[in-house]
Each structure stands twice: as structure tokens, then as C-alpha cells.
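Asker: Listed below, chain by chain, are the residues.
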Amino acid sequence: MADMTALDSGVMMAADGTPLKKKLKQALFLSRVRAFALVAPLLLFILASFIVPIVMLLWQGVHNDTYTKNMPLSAKALYEWDGQSDPTESMAEALVADLVVARDNKTIGRVATRVNREYSGTRSLFTKSARSAAKMEAPFLEALIDKDKDWADIEVWKAMKIASKSYTPAFYAAAVDMTYNADGSFERVEEQGRIYVKLFLRTFMVSLVVTLACFVLGFPVAYLLSTLPMRTSNLLMILVLLPFWTSLLVRTTAWIAMLQSQGILNNIFVAVGITSDDARFSLIYNMTGTLIAMTHILLPFMILPLYSVMRGISPSYVRAAKSLGATNWTAFWRVYFPATIPGIGAGALLVFILSIGYYITPALVGGQNGTLISNFIADHMQKTLNWSLAAALGGLLLASVLILYWIYDKVVGIDNMKLG
Amino acid sequence: MATSATDAFVAFDRVQKSYDGETLVVKDLNLFIDKGEFLTMLGPSGSGKTTCLMMLAGFETATHGDILLDGRPINNIPPHKRGIGMVFQNYALFPHMTVAENLAFPLEVRGMGKADREAKVNRALDMVQMGEFGSRRPAQLSGGQQQRVALARALVFEPELVLMDEPLGALDKQLREHMQYEIKHIHERLGVTVVYVTHDQSEALTMSDRIAVFEDGRIQQLAPPADLYERPDNAFVAQFIGENNKLTGTVEAIDGSTVSVGFADGESCKALSVNNGPVGGPTLLSIRPERVQIGAEEGPNTVEAQVLELIYLGDHIRCRMRVHGNDDFIVKVPNSAGHEHLRVGETTRVAWKIEDCRALDAA
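Same order as they appear, the protein sequences are chains C and W. So that you can map any letter, position 245 of the first sequence is 245 in the numbering used here, and since no number is skipped, the others follow by simple counting. So that you can map any letter, position 305 of the second sequence is 305 in the numbering used here, and since no number is skipped, the others follow by simple counting.
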């Protein structure tokens with residue numbers, strides 16, 4: 001025991017007296033550095049182009065400092081205000097001073113938009129007042145009300161108080177059809193204003209139906225492919241993969257040509273007498289169109305993992321079941337089907353997660369009632385420029401996917417998933 | 001012993017099988033198996049033995065001919081109604097079920113009650129000494145344990161016929177030999193009929209009542225192990241079963257059951273006539289290495305032999321010699337007390353008995 005000794009403490013020592021664990025770390029250090037160097041370029045790329053932007057965008061869902069940054073004095077005054085009593089002269093003074101600066105910095109438009117989100121109709125109030133703010137004199141509150149009597153409305157000030165909070169749950173509240181009040185309470189928006197919860201539910205429903213449809217359509221195809229000889233199945237596999245080589249936009253617009261009321265499918269229906277010429281089915285620009293097109297586009301994502309799992313199932317399992325006395329159906333249901341579950345899980349998770357954030361297809365063929373939550377997120381990103389609300393909606397979507405993933409892991413086990 | 005399709009327990013009656021309609025994988029197979037017999041189909045890969053087993057199990061259909069089980073043709077009976085137990089090469093234990101559930105499966109699909117099921121499963125597990133492993137999953141078992149479970153599963157519903165398709169192929173040598181005895185003992189105890197497929201001749205010799213040697217879609221010889229080894233019918237069987245010395249020569253004269261064979265070096269020897277051609281035709285002499293005597297007296301079948309190589313194998317010494325111009329003549333010299341020590345390069349005299357030297361077809 002000269003070259004390797006265990007001390008009384010039980011720590012193994014290498015020949016030179018250093019602890020064995022430390023020695024091992026030193027020996028492996030170089031290979032670890034090498035491994036890291038190999039992944040570093042991709043890691044940096046993903047960090048810079050994916051993770052950081054996502055985190056920054058999600059951050060906007062709870063943090064919006066448009067008001068604080070551009071109107072620092074009034075933000076402070078609003079912070080001290082209790083949100084119940086009448087607005088004070090000092091608040092008005094701070095506001096006028098801020099308005100002057102904001103107008104000079106040309107940031108008043110942004111501030112006005114921000115407050116307008118909390119209380120619509122106040123945009124022009126700000127731009128208008130800012131224009132004459134430089135000429136206002138004390139008492140400022142009266143001067144403001146003189147300019148526009150809306151300044152006497154306490155709701156305007158409440159809206160400003162909400163906007164003046166940099167960290168705010170207001171956007172997440174809005175994303176679930178709630179309003180965040182100046183006193184810190186939440187309440188549901190009135191009936192006709194509730195859209196997002198309904199949209200989330202619709203998105204989940206569509207995703208679920210698409211996943212189910214992909215499974216029902218894809219399972220037999222994958223089974224057939226896995227039982228055919230390799231040469232034939234490779235040939236047929238090209239047909240499954242063909243859509244991947246075509247632009248998504250082309251495929252979606254092809255569905256428009258197929259499904260529209262003067263389209264191919266309806267023409268055939270009329271020709272064979274399934275429907276009359278004046279009662280053509282509306283298959284597109286509605287939920288039906290979204291479901292059909294999305295199922296078609298996402299089908300390969302179900303077939304591929306299923307196929308790869310089924311290829312790996314030895315035919316001797318089913319043979320064994322039959323030799324033990326099981327009928328074809330029992331052998332399938334009790335022995336073959338359980339073996340395909342890893343593939344079903346992978347395919348279903350893939351299709352479901354992809355369809356929950358699907359954007360282009362519902363945007364093109366969804367019409368009024370076939371659009372999904374992602375279309376609204378895009379809308380807030382591009383048109384209304386309410387990035388904070390978009391971030392809140394996106395954050396909720398991300399959270400729900402993660403929760404689903406967690407449930408899947410609990411129920412099926414993520415190690416059971418097999419993508420190929 | 002059954003000699004016709006009607007009194008055999010399992011009968012292949014002129015069975016042919018083709019997959020592509022161009023070549024026959026099984027050519028005119030006639031095989032009658034008795035009840036309680038352990039019959040092994042032995043042959044190299046591609047010889048048609050597994051195809052025969054699959055036809056018997058019902059996973060392949062015979063292209064021509066009848067397969068009968070207990071006198072009834074079963075060509076049109078689906079596998080699950082044949083009531084034949086089967087052990088597969090890779091065990092085919094259902095991975096998502098426990099060992100006990102695997103064993104209960106055949107009883108469950110037969111509609112047996114839970115209490116009966118449990119009793120039978122436990123009895124079957126005890127039989128293969130796996131009683132404590134009922135709640136394990138197949139993946140948690142070693143290869144040998146999986147093999148035992150597969151065996152128990154094929155037997156638990158008490159079939160009269162059990163098929164085994166190279167069941168020990170994946171095990172290491174020691175375990176394989178142990179399992180051979182175990183399967184043999186179970187067979188003796190239960191009295192089931194076993195049809196066993198393997199390409200391992202020692203496995204076949206150890207376990208079988210009779211062995212059918214397959215080659216090129218035909219049975220080359222069907223005989224008990226001792227007959228097969230000691231009295232091969234043709235050159236293929238002689239070479240396939242055990243080690244074998246081959247000497248090619250020409251038939252010079254036939255005298256009843258003895259035949260004189262001349263070699264290229266001008267010498268000749270006498271052999272037992274088994275499957276040789278007419279006078280003047282080629283023949284192949286087959287002599288088992290352990291039947292050759294070293295340092296013999298002058299006699300009818302003695303010949304000068306030069307020692308080319310010696311390999312020490314513990315219980316015996318393998319000696320490669322030049323005999324009748326053949327450099328690959330092997331003789332096994334037992335490592336017994338006081339045996340003669342040969343040296344490489346030395347010339348000695350070897351001899352064999354006429355009945356140990358079989359004149360076969362020159363394949």
C-alpha cells in the first residue's frame with residue numbers, strides 16, 4: 001500500500017499524496033475545457049440570439065418604465081399620492097414640469113400612449129397639454145383644468161399612477177382579462193371586453209384537436225411504414241417528408257386554393273352532388289380551415305417519432321403474444337400499443353407545443369374565429385406596439401407549455417420520449 | 001416411433017416453402033415427431049430450420065404440403081389457436097409488464113380466474129427457480145434470468161408442444177451449458193414435446209432425443225445423437241457434427257460392406273461402405289480424431305504419419321499430422337498418465353479400425 005493510501009478520514013489519496021478526487025479533476029480538466037470549447041460558439045450564438053432576447057422581452061411583461069423614465073418628477077409625486085384623495089397642487093406642478101421636458105425630448109407621445117393603455121381617450125389630453133405646458137403658471141392644477149377639463153377627472157390621475165409604476169402586474173392582469181386598479185386591486189373587465197382567456201382556451205382546444213387528428217391519421221401510416229420492407233418504406237417516407245421541403249407559405253396558400261368556396265374541394269362536392277352550388281361549405285377563413293391546414297402541416301412531426309419507435313419494436317413481441325394465445329387485437333392492444341407509447345408521447349408533445357404557438361397558418365386561413373393567441377401576440381408586437389402585453393401573453397403561453405411538459409414528465413416520464 | 005403422418009404427434013408431410021416464388025427455402029420436408037420427444041433441428045444459418053419452426057408455430061404458411069398436429073392439419077389454424085408454447089431467440093418478454101404479468105398473460109387471454117392464475121404463475125416461476133422475481137421487470141433481470149422467465153412463460157399454460165428458437169444463443173458459454181441441462185430436466189419432468197432449433201451442435205447433442213440435420217432446405221440425417229456422431233450418413237453431416245478428418249480418394253474395390261480406397265500418393269486403405277459411389281468414383285473418408293491410434297503395430301489400416309504441430313489443450317493434446325498427403329489430419333492424444341510424448345517433425349505410425357473410417361459421398 002505504498003502508492004495508494006487511505007487516510008483515517010477515509011479520503012483516498014493518489015500516489016503523490018493529493019486527494020484522489022482532486023487528482024481526477026486535474027486529469028479531466030483539459031478534456032472538459034476541450035468539450036466546452038467545442039460547444040462554445042453555438043452556446044454564445046444561442047445566448048445572444050435566443051435566450052437574451054427572450055428574457056428581455058419577457059421582462060417587459062412585468063417592467064415598463066416609459067412613464068418613470070420620461071416623467072420622473074410626477075412619477076415621484078404620484079407614488080406619494082394615495083390614489084383616493086383629490087390631486088394636489090404639488091402633483092400638478094411636477095406634472096407640468098415633466099410635460100415641458102417631455103415635449104422638448106419628444107418623448108411625450110410615448111408617455112401619452114402608455115397612459116392611454118390604462119385609460120383610453122387620454123392620449124390627446126397629454127399631447128395637447130404638453131404643447132402649452134411651458135406657458136402655464138401657478139396654480140398649476142387650475143391651469144391644467146383650464147386647458148382641458150378632463151384634468152379634473154380623478155380617473156386620469158389614477159391611470160397615471162398605474163403607469164408610473166415600473167414594476168407592474170397590469171399587463172399580466174390584462175392578459176387574463178383583468179384590470180389592475182390604482183389601489184392595487186384587480187377586477188375582471190366587462191363581458192364584451194374579455195378576449196384573451198377565450199383565446200387561450202381556443203388555442204388549447206385547437207392544439208388538442210390537431211394533436212388528436214395527427215395521431216389518428218399518423219398512427220396507421222407509421223405502422224404501415226414500419227412493417228414494409230426498408231426499400232419501399234424509404235420511398236414512401238419521402239412522401240411524408242415532402243411537405244418539409246416545401247415552403248410553409250406555399251403549403252398554406254395551397255390549402256386556400258383547395259378549400260375556398262370556389263375551390264377544388266367545393267367544386268368536387270358540387271359536382272358529385274354532396275352539396276348544391278348555392279350552399280357551398282365554408283371550409284376556410286374559419287376554425288375548420290385552421291384545423292385542416294394545421295393538421296396537414298404538423299402531421300410529419302407525429303409520423304416521424306412514431307415510425308422510428310415502431311421500427312425498433314421487434315416483431316417477436318407480437319408473435320410471442322400470439323403464440324401465448326392472444327388474438328390479433330389483444331396482441332396489438334396489450335403488447336404492441338404499449339411499446340409505441342414513447343413515440344406517441346414524443347409526437348403528441350411535439351405537435352401540441354408547435355400548434356400552441358402556431359402563427360402563419362391561422363393568420364392566413366383562420367379568418368375571424370380561427371385565429372389563435374399567437375396571432376394576437378404578433379398583433380401587439382407589430383400593430384398596437386404594446387410589447388408589454390405581448391410579453392405577458394407570451395409569458396403565459398410559455399408557462400403553460402412548461403406546465404404541460406412537467407405534467408407529461410410526471411405521467412409518462414420524459415426519459416420515455418423517443419424522437420428518433 | 002412414428003413412421004407416418006397419422007400416428008405422429010407433429011408431422012411435416014411433404015412440406016415446401018418459398019418466399020419469393022423462385023427458390024425453395026424448404027424442399028420436400030417429411031418429419032414425424034413423437035409425443036414427448038425432444039427433437040432438435042440443427043443446421044447452419046439459411047438451412048431452413050427456423051422457417052420450419054415458424055411454419056409449425058403458424059407465423060409462416062407452407063407453400064405446399066401439410067403440417068399436422070396430433071393428426072389434425074393446422075395449416076389454416078391461426079397461431080393463437082394452436083396452443084403451442086414458444087421460446088424466442090431474444091426472449092420477447094413484454095418489457096412493460098412485470099415477470100408475473102408476463103407469465104399471467106397466456107392465462108389471462110384464456111380467461112382464467114385470478115386465483116388460478118396466481119397459483120399457476122407461482123408454480124411456473126418456482127419450476128425455473130425464479131420465485132422471488134415475480135415483481136421485477138424483464139429489464140432488471142440478467143440474460144439467464146430472462147431466459148428462465150421466457151421458458152416459464154412458454155410452459156405456464158401447459159401446452160403439449162413447445163418450440164424453442166435458439167433460446168440460448170445470447171448467453172455466455174457457461175450459462176448456456178447450465179441451461180441446457182435445465183431445459184433437458186424440465187422436459188423429462190413435464191413430458192412435453194419439444195422442437196428445438198439451434199446451430200450449435202454440442203447443444204443439440206446434449207439435449208436431444210433425435211436430431212434433424214438441415215442443409216439446403218432438406219433434412220440430411222435424422223438420428224439420435226450417438227448415431228449422428230458415430231455413423232454420419234453423408235459428408236455434410238460428418239463435417240457439421242463434431243471434428244472430422246477428411247481423406248479424399250478413389251473407390252478401388254467393393255467387398256460387401258468394406259471398400260478399398262486408393263489415395264493420390266499410391267497407398268490405399270479399407271473403409272466401411274456407407275454412401276460411396278461405384279468403383280472408380282471419388283469418395284470421402286471420414287475418421288474422427290479420437291478414433292485414431294498413435295504408434296500402432298503394422299496392420300490393415302496403418303500408415304506413416306509425420307507430426308506437424310502440437311497444441312496443448314489440457315485434457316488432451318491436439319496433434320496435426322501429414323497422413324496420405326493430407327496436412328490437416330488431426331489426432332487427439334489423451335493427456336493420460338504415461339502417454340507417449342510426440343515431437344514436431346517426428347514420424348510415427350497411426351492406425352484406425354475399418355468401421356471407424358466411413359466412406360461417404362465426395363461432396
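Hints listed in this document are in silico derivations from the structure and should not be mistaken for laboratory results. Just so you know, not all the hints are guaranteed correct.
[Claimed, not checked] Here are some chain C residues pointing at chain W (derived, C-beta under 8 Å):
1. Ser316
2. Ala326
3. Leu364
4. Gln368
5. Val411
We put the beta carbon where it would ideally sit given N, CA and C, even for glycine.
Asker: Now look at each hint and say whether the structure bears it out.
Answerer: Now the hints, each set against the structure:
About 4 Å separates the beta-carbon of Ser316 (chain C) from the nearest beta-carbon of chain W, less than 8 Å, and the hint is met. Using the Cβ-Cβ criterion of 8 Å, the hint placing Ala326 (chain C) at the interface with chain W is satisfied: the shortest such distance is roughly 5 Å. Residue-level restraint check for Leu364 (chain C) is violated (minimum Cβ-Cβ distance to chain W is 43 Å; threshold 8 Å). A distance limit of 8 Å between C-beta atoms decides the matter here; for Gln368 (chain C) the minimum to chain W is near 46 Å, and the interface restraint is violated.
For the restraint placing Val411 (chain C) at the interface with chain W, the shortest Cβ-Cβ distance is roughly 15 Å, beyond the 8 Å limit, so the hint is violated.
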